[in-house]
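Peer 1: So you can see what is in the structure, the chains are spelled out below.
2 protein chains.
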Amino acid sequence: MGRPVLLFLGFLIPGFAVPVPLALRALSNLHLSTSVVSRPAVVMEYSIHYIQQKVDHFGFKTDKTFKQRYLIADRHWKRDGGSILFYTGNEGDIIWFCNNTGFMWDVAEELKAMLVFAEHRYYGESLPFGANSFKDSRHLNFLTSEQALADFAELIKYLKRTVPGADNQPVIAVGGSYGGMLAAWFRMQYPHVVVGALAASAPIWQFEDLVPCGVFMEIVTTDFRKSDPDCSESIRRSWDAINRLSTTGAGLHWLSEALQLCTPLTNSQDVQRLKDWISETWVNLAMVDYPYESNFLQPLPAWPVKVVCQYLKNPSVSDTQLLQNIFKALNVYYNYSGQAMCLNMSEISTSSLGYLGWSYQACTEMVMPLCTNGVDDMFEPHTWDLKKFSDDCFNLWGVKPRPSWITTMYGGKNISSHTNIIFSNGDLDPWSGGGVTKNITDTLVAITIREGAHHLDLRANNAFDPMSVLLARSLEVKYMKQWIRDFYDSLRKKH
Amino acid sequence: MGRPVLLFLGFLIPGFAVPVPLALRALSNLHLSTSVVSRPAVVMEYSIHYIQQKVDHFGFKTDKTFKQRYLIADRHWKRDGGSILFYTGNEGDIIWFCNNTGFMWDVAEELKAMLVFAEHRYYGESLPFGANSFKDSRHLNFLTSEQALADFAELIKYLKRTVPGADNQPVIAVGGSYGGMLAAWFRMQYPHVVVGALAASAPIWQFEDLVPCGVFMEIVTTDFRKSDPDCSESIRRSWDAINRLSTTGAGLHWLSEALQLCTPLTNSQDVQRLKDWISETWVNLAMVDYPYESNFLQPLPAWPVKVVCQYLKNPSVSDTQLLQNIFKALNVYYNYSGQAMCLNMSEISTSSLGYLGWSYQACTEMVMPLCTNGVDDMFEPHTWDLKKFSDDCFNLWGVKPRPSWITTMYGGKNISSHTNIIFSNGDLDPWSGGGVTKNITDTLVAITIREGAHHLDLRANNAFDPMSVLLARSLEVKYMKQWIRDFYDSLRKKH
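Chains as they are written, first to last, in the working numbering: chain A, 1 to 495; chain B, 1 to 495.
Among the clues, some could well be false.
Claimed, not checked - Taking lysine-lysine pairs in the DSS-like style, the calculated list, with each CA pair at most 27 Å apart, reads:
#, chain 1, residue 1, chain 2, residue 2
1, B, K64, A, K388
2, B, K494, A, K413
3, A, K157, B, K413
Just so you know, the hints here were simulated from the structure itself, not pulled from any lab data.
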């Protein structure tokens with residue numbers, strides 16, 4: 001994959017370290033195959049299905065439809081007193097998510113649940129216009145959260161109509177990251193379709209000025225500082241070291257060699273890309289700081305931030321020494337297996353398809369302001385510049401972001417009239433800064449997972465899970481059982 | 001005006017008596033100037049404003065905007081402890097609605113309320129593409145309830161941002177008929193924008209099979225039968241009388257003369273139009289069976305159904321005598337002033353603009369099945385034929401109705417998780433058959449107005465108001481005050 005991805009990110013948020021789209025998306029990929037390793041006892045069998053969906057639920061000019069893919073696993077489903085766990089697919093191939101949302105598989109038997117994994121339009125195989133889906137803003141026009149939620153609602157209605165026994169069963173939405181936002185919004189907008197939602201690591205407040213734009217990178221910094229204050233300080237000093245070395249051709253050459261880059265640095269744009277790529281690596285490490293070995297693009301050790309920080313214990317060394325240490329730290333992320341011949345700045349994530357879709361979404365509805373000041377965080381200062389962001393989006397996709405629309409549509413902080421949503425967040429997860437981390441009401445509850453990274457709770461059970469995530473999952477199941485009971489109680493009252 | 005309207009209706013629902021679109025819309029027009037007459041004490045001063053709205057809230061391909069009109073009346077508004085009553089404009093010119101929703105004017109002082117009347121897109125002056133707005137399905141593509149609700153939400157956000165003192169005030173949605181549906185749906189979809197809704201005569205269940213399709217015409221029939229069983233029986237027998245007379249040219253001639261039609265009947269299509277037009281007249285009379293003189297296209301007496309039925313006391317007369325009686329009855333509706341030289345079958349309503357928009361909406365989202373069987377009602381039997389309806393819509397507008405979408409989007413009968421909506425219905429109103437007439441929860445309440453016609457409660461106070469509507473209004477105000485109190489209580493808790 002590669003180069004276009006980072007080039008693009010450099011373009012979209014020039015000089016800025018955090019590629020929001022990728023950051024959110026990367027996490028999905030991270031799960032790939034990990035859970036399979038750690039959960040041999042659970043059989044993950046599913047069947048693949050397709051449903052014809054309207055390309056445009058909100059207009060009647062076209063009656064065009066497309067095939068949305070979804071997966072069903074009903075091994076533990078009981079028609080009598082059972083339930084339906086509905087995964088609100090996010091920005092990627094639904095089979096990845098299915099294979100890597102171990103939590104749903106782990107609780108299926110207890111909840112007598114049918115598992116449904118619905119692919120998000122414009123991702124995986126669910127392409128409204130096939131190969132032309134990302135061609136231009138005309139073809140991309142139907143890639144919105146509202147359309148995706150309408151797909152989910154139509155799919156559930158269809159299942160209830162066609163699967164014998166599904167009709168009178170409660171449906172619970174489950175999602176993580178952007179999918180967690182979708183799960184929460186789904187319950188808010190379609191409470192008649194789902195009885196509740198588990199929204200894991202869903203930064204529904206990372207919009208407009210609902211939270212300070214700097215909080216995300218501050219949490220990344222805290223993760224590193226908690227491991228060792230000298231670690232975050234080393235990273236903070238590394239940027240100027242790079243800048244100083246980059247002033248000469250010899251310095252650029254030295255940097256390219258020392259970091260064993262596959263493609264040598266030749267100009268200041270390359271240097272910016274280098275810094276973006278390194279920053280992104282720290283961000284990703286913070287998000288995936290799981291307590292056990294996991295497998296991203298390359299395999300990662302348990303508690304990878306701690307491992308990285310072993311190489312960054314001394315910030316008060318020469319520029320070259322500091323950057324040699326940084327190289328060793330980067331190697332933890334990019335070369336844990338020891339197979340890499342060189343480091344490729346384009347290698348952070350996979351699936352250009354998911355990437356394209358998310359970059360469009362980030363340029364339209366999903367505008368999540370991020371910034372750094374270099375004081376409260378360990379990054380170079382960077383303000384949030386909506387004007388520039390908007391111009392870049394227009395150049396790229398021919399669309400202009402509407403940064404306040406999500407708040408208008410879904411309520412921002414004013415959501416207390418809704419019910420039955422669990423917002424779970426790990427305190428290590430940078431996205432927790434934009435999440436709901438305090439109870440809003442008795443039925444809009446927050447669960448904080450100490451030592452938890454990005455939606456750790458949705459991952460499969462693991463022997464190295466901290467107690468906090470075991471408690472979180474058990475509480476989540478408790479709430480779900482309550483919703484299921486309430487559903488059947490009210491059904492009985494009706495009859 | 002005129003001919004195209006009825007021709008169209010005959011085309012849209014051939015052979016069927018009830019032009020749904022017009023029926024709903026006509027009511028709005030009915031209010032024109034009536035309330036001014038009956039409420040001299042209340043000064044109705046408003047200012048006219050415009051806001052730029054996105055043509056498409058749900059897509060980013062176009063950034064085009066249009067001017068939405070809205071009215072503000074703030075004579076009684078108090079910045080301290082006040083409120084905002086927001087009229088969710090329906091299918092017509094907003095100035096009509098403003099001038100004829102006396103209830104809001106009557107309660108403004110008590111609620112210290114600013115009144116806002118927002119025009120619905122594609123009606124009045126709020127035309128997204130100016131004169132081209134109704135040109136084809138491409139231009140009409142943005143005429144949906146979802147887009148209208150988004151307009152309302154954006155407008156309220158804008159007012160809160162720009163009108164000093166409005167920011168921290170509770171907003172209550174108020175609407176009648178289709179506007180009542182919008183008010184209810186607005187609270188359901190945007191509970192963060194409005195604290196509650198008064199949905200007057202809102203048939204939110206007149207979709208799919210949520211209520212029997214015959215109930216509407218049964219209520220019309222009941223209204224006439226309650227006045228006099230011989231009256232409904234006379235009407236029931238009139239159709240065959242017309243059919244028998246229409247078999248010969250002489251009969252057609254006699255009918256045209258006896259009914260003093262402006263345009264003589266020449267063929268069976270004309271006869272169908274005649275029956276549709278007469279049926280529609282009975283429907284309209286049932287809807288506007290108000291206890292005092294009111295002014296529709298022509299002025300109407302108090303309790304017009306009773307007046308009409310004075311001419312229909314004997315069903316057991318000859319065909320010609322029966323139809324002469326029908327003519328006298330029609331004259332109550334079409335010639336109360338005695339000025340008409342002939343009866344014009346095209347004269348039922350006004351504003352072809354509103355008509356066009358509603359006919360498109362009825363052909364897309366607002367598919368409200370109606371039917372008759374001639375036994376439980378006084379009309380010729382007519383089944384609900386979705387296939388035919390759909391084909392006609394496609395021929396007319398190039399769009400196909402999605403009869404189940406409204407239920408998918410807004411929940412159908414499964415709405416108990418929402419709060420703070422008053423559903424008021426008059427028991428004379430045929431639309432009450434598709435309305436919420438029983439409490440769903442403590443905060444989703446139904447108010448039935450005995451002897452009330454179509455949203456009588458939204459009309460201005462009148463000396464001839466029955467006690468039932470006075471009680472209804474007083475209960476409505478009580479609920480609104482509770483919502484306002486709750487809003488300020490929770491505001492205080494926050495600070």
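Peer 1: Are the hints correct? Go through all of them and say.
Peer 2: Outcome of the hint check:
Our distance criterion of 27 Å between C-alpha atoms is met by K64 of chain B and K388 of chain A, whose separation comes to about 21 Å. The suggested pairing of K494 of chain B with K413 of chain A holds, with an alpha-carbon distance near 12 Å, which does not exceed 27 Å. Distance hint between K157 of chain A and K413 of chain B is fulfilled; the C-alpha atoms sit about 14 Å from each other, no more than 27 Å.
Hint compliance for this structure: every hint is met.
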